[in-house]
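**Student:** Residues per chain, in single letters:
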Amino acid sequence: MNIAISHLSKKYGSQAAVDDLSVEIPAGTIFGLLGPNGAGKTTTFKCMLGLARANAGSVTFAGKPLVPALFEAIVYIPERDVLYDWMRVHELVEMNRRAFKRFDASRAYDLLKTFGIDPRKRARSLSKGMKTAVAVGIAFARQADLLVLDEPTSGLDPVNQRHVLNLMVNEAARGATVLFSSHQIGQVERAAERIAVLDRGRLVLEGAIDDLKSGRKIVEAIFPNESYSLNGIAADARVGRVDRSGRIVRIMVLDGPNEIAQKLEAAGGTGVRIIDLNLEDIFLYAVAPASATADVVEGS
Amino acid sequence: MFYPEWLRVRTTLKVLAIVFGCLFAIAALLRIAFNGQISGTYSWVDQEMNKPGVRVTHERQSDGSMRTTIDDRSRGDHIVIVDRGWQGKTITITGPDVTVSRSHNVQIGSVGVHATRVSPTSNEVQVTTDEPVSARYLLLFASFVALIVATVLAGPLAKENTNHLEIAWTKAIGRERMALGLFGVDALAMLASMALTVIFLVLCTALFEIPHVVVDSATLPVLALTVFLPFAWYALLTACSSSLKRGLGAVIGLGWLAALVVPPIGQALAIAGNPLLHAAGVALSYVSLLDPLVYMHFSGSAAPGDSTATFGDTFSLLASPPLLRAAILLALTVIYSSLSLLQWRRLEA
Amino acid sequence: MPVVLTVDPRSGVPIYQQIVEQVKRSTALGVLQSGEQLPTVKQLALDLTINPNTVARAYRDLERDGVIETSPGRGSFVKGDGVSSTRAAASDVTRRAMEGAVREAKAMGLTRADVRDVVDAVLDRWFSEER
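Chains as they are written, first to last, in the numbering used here: chain Z, 1 to 300; chain U, 1 to 349; chain F, 1 to 131.
Hints may be right or wrong, so weigh each one.
A few chain U positions that, by computed beta-carbon distances, are all more than 10 Å from chain Z [unchecked claim]: (1) ARG75; (2) GLY88; (3) ILE167; (4) GLU209; (5) ILE265.
List of simulated lysine to aspartate or glutamate pairs, EDC-like, C-alpha gap at most 16 Å [to be verified]: (6) U:LYS51 to U:ASP72; (7) Z:LYS121 to Z:GLU94; (8) Z:LYS11 to U:GLU348; (9) F:LYS106 to Z:GLU265; (10) U:LYS171 to Z:GLU72; (11) F:LYS106 to F:ASP92; (12) U:LYS171 to Z:GLU265.
No lab work stands behind these hints, which were simulated from the structure alone. This structure is a prediction, so every number in the text was calculated from the model and none was measured. Note that beta-carbon positions come from the ideal geometry of N, C-alpha and C, so glycine has one too.
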C-alpha cells in the first residue's frame with residue numbers, strides 16, 4: 001500500500017515538531033526518512049499511525065484514512081523498547097499469533113534463532129540490541145503490507161544489522177512497502193530507493209537516490225586570478241551553493257552539472273571537473289550546508 | 001488479543017489458589033489434630049458431665065449416631081446430646097436454669113448459647129452445631145477477596161501507558177475495544193476469585209461437618225452487591241489513573257486511604273457545632289457517595305434510617321436495600337469505566 | 001553462479017549504473033558467457049543487500065543496451081550475439097574509462113596532439129606485438 005502524507009503539522013506546545021509535511025511513499029518501495037535528531041521523524045510516524053493527533057493535515061493509506069482494521073497489514077517498530085518486560089519472548093510471539101491473522105509463528109522463531117535469541121528468556125533480561133532483535137523478528141513474521149520502522153538497527157552488531165537490511169530487501173521483493181528512518185546513511189544508501197530528509201520539522205529534500213546522485217554534483221573550476229566574475233551563474237536555479245576559495249570555485253549543483261561546467265568554462269575557468277556526491281554529502285548539504293562544504297572538499 | 005492481561009490474571013489467580021491451598025492444608029491439619037474434641041462453645045457440656053452427682057449414659061442408636069444423656073437431678077437439668085458425626089450434633093436442654101432472651105440467646109446457668117429452637121413453655125431449648133450459614137456471609141468474604149484482586153488488577157490502561165501504547169494501539173481493534181476487553185478479562189478474574197473463595201470456605205467447613213449454606217430470597221441482591229462492589233472499586237481506580245503514564249501505585253495507595261478515611265471524617269465533621277466544619281463535613285459526605293466502599297454493609301432489616309447503616313442519619317440512600325445499592329454500584333462502575341475510556345481516547349503516545 | 005558483483009553504495013555513482021558497468025565488463029572479459037543465466041532480481045538484491053528496484057533498473061538498462069535478454073518466467077540471460085556484442089560492450093567500457101582521462105587532460109591544458117602522443121605511448125606499451 002502507498003502512503004500519502006498531506007500538509008501534516010504537529011505542535012508540542014509552541015514548538016512545531018512537524019511543519020506542513022507533504023510526501024508520498026509509493027507502494028512496494030523502500031523509503032528512507034532521514035534527518036537530524038529532533039527533526040520530526042518519530043513524530044511523523046506517531047501522527048501517521050494514530051498514536052498522536054496531528055494539528056493539521058491528513059495521512060491516507062492506499063487512498064483511505066487509518067482505521068484499526070488496517071493494522072492487520074501494518075506493523076510498527078518504534079525506536080524505543082516497548083516490549084512487556086515481564087513477559088517471556090515466546091509469550092510475546094504468542095501474543096502476536098493471537099492478535100494478527102497473518103502472523104507466522106514458525107517464521108518468527110526462525111528469525112529469533114538467526115538473531116540468537118532464547119525464547120524462554122524474559123524481555124527484561126535482554127540487552128538493548130536483543131530487544132531490538134525480538135521486535136524485528138516478530139515484526140518481519142507479520143507478513144505485513146506496510147512496515148514502519150524507526151531506527152530498526154539501533155543497538156545491533158554489524159552482522160545483525162545486515163540481517164535486518166536483508167529482511168527489508170526481502171519484504172520489498174515480496175511487494176511490501178517499507179518506510180524506515182535511520183541515522184546510518186550507508187544502510188539507507190543500500191536499501192532505499194527513495195528518501196525524504198526532514199530538518200526541524202520541515203521537508204528539505206525528497207527524491208529517488210539514483211536521481212539525486214545523478215543530479216547533485218560539485219562542479220569545480222580554477223580561474224587565472226582571484227578577481228573573476230561568474231557571470232550570473234550563481235543565479236541559475238540549479239545552483240545550490242557557491243564556494244569561492246582564492247582562485248578555486250566549487251559550485252554545488254542540484255541538477256544539470258554538465259551545463260554548469262560548460263558555463264564555467266565559458267566564463268574562463270580551467271581544470272573544470274565534476275565531483276560525485278554520495279548520500280551522506282547530499283544529506284549534509286541539505287541540513288547543515290556549512291559543515292558539509294569542508295567534508296566534501298577533503299573527501300573528493 | 002488480550003493475552004498479556006490473561007497472563008496477569010492467571011498469575012493472580014494462581015497465587016490466590018496457592019494461598020487458599022495453604023490455608024486449607026492448615027485447616028485440615030487442625031481438624032486432624034483436634035479430632036474428637038467437642039468445640040469450645042460446648043465445653044460447658046464437658047463441665048456438666050464431670051460434675052459430681054450427675055448421671056451420664058451413652059447409647060449408640062440404630063442410625064449410627066451416639067445419644068448421650070446427662071441428668072443433673074440436683075438442679076433438675078436434663079441434657080440430651082445426639083451426635084450424628086459429620087452431620088453435626090443436636091443438644092436439647094430442659095430445665096429451670098434455662099433463661100431465654102430475645103433473638104434466641106440462651107443462658108444456661110452461667111453459659112450463653114445461641115439456640116435454634118426454643119419452647120418457653122417447657123423450658124426447652126435446642127442447639128445444633130450444623131447451623132445453617134446464610135450465603136451472604138460467604139459472599140461478603142468473597143467480595144473482600146475480590147476487592148484485593150481488583151486492586152491488583154486495577155489501572156490496566158495506566159499499565160499500557162507506561163511504554164506499551166505503541167503495541168496496544170497498533171492492533172486491529174480500536175482503543176475502546178481494547179480497553180473494554182481488558183476490563184472484561186479483569187471482571188472475569190474478579191468473579192473467578194469470588195467463586196474460588198466461596199469454594200474454599202465451603203471446603204473448609206466441610207472438613208468439620210456438613211456445610212449448610214442457606215440461599216434465600218435475600219441472597220440474590222446481596223450477590224449483586226458483593227459482585228458490583230469490586231467492579232466499582234476497580235473502575236474507580238482505573239478512572240483515576242487512565243491518563244497517567246506513571247504513578248499508578250500512588251493512585252492506588254491514595255485511593256484506598258481516601259476511600260477509608262474520607263467517609264468517617266465527613267460524618268464526624270458533619271455533626272460538629274462549628275458551621276465551617278459542618279459545611280466541610282457535609283461536603284465530604286456528599287463526596288463519599290462516590291466511594292464504592294461506603295455501600296457495603298448489611299442492613300438486615302433494610303429499613304431507611306436503620307441504625308445499622310453508617311450514614312443512616314445523613315443519607316437514606318446508604319441505608320437502602322441491597323438491590324438498590326447494587327444498582328448504584330453498577331451505575332458507578334459504568335460511569336467510572338466510561339470516564340476511563342474517554343480519557344484513553346484523548347491520550348497521545 | 002559465477003556472477004561476482006560488488007557494489008559500493010557510498011560511491012557517488014548510482015548503484016544501478018555500477019551493476020550495468022560490471023555486467024558489461026564481465027561479458028567483455030568472457031567471465032559471463034553468452035547464454036549464461038543471471039540471478040533473479042530478488043536473488044541479486046538479497047545477495048548484495050540492495051534495493052530490488054535498483055537491480056530491476058540495471059537489468060532494464062542492460063536489456064536496452066542489448067547485453068542481456070529477459071524472458072518472463074525463465075529469467076535473464078546474457079545475449080548470445082557472439083563476438084560483435086562482446087566487442088561492443090568492451091568498447092563501451094573502454095570509452096567510458098577514457099572519457100575521464102581525456103577530460104582531465106584537457107582540464108590540465110593539454111592539446112589534442114599532446115593527448116594523442118600520450119595515447120600512442122600507452123598503446124605502444126600494451127600492444128607492442130602489433131607495431
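**Student:** Work down the list of hints and note, for each, if the structure agrees.
**Tutor:** Each hint, compared with the structure:
| no. | hint | in the structure |
| --- | --- | --- |
| 1 | ARG75 | holds, 69 Å |
| 2 | GLY88 | holds, 48 Å |
| 3 | ILE167 | violated, 6 Å |
| 4 | GLU209 | holds, 44 Å |
| 5 | ILE265 | holds, 38 Å |
| 6 | U:LYS51 to U:ASP72 | holds, 9 Å |
| 7 | Z:LYS121 to Z:GLU94 | holds, 14 Å |
| 8 | Z:LYS11 to U:GLU348 | holds, 13 Å |
| 9 | F:LYS106 to Z:GLU265 | holds, 12 Å |
| 10 | U:LYS171 to Z:GLU72 | holds, 7 Å |
| 11 | F:LYS106 to F:ASP92 | violated, 21 Å |
| 12 | U:LYS171 to Z:GLU265 | violated, 61 Å |
Consistency note: the structure conflicts with the earlier hints numbered 3, 11 and 12.
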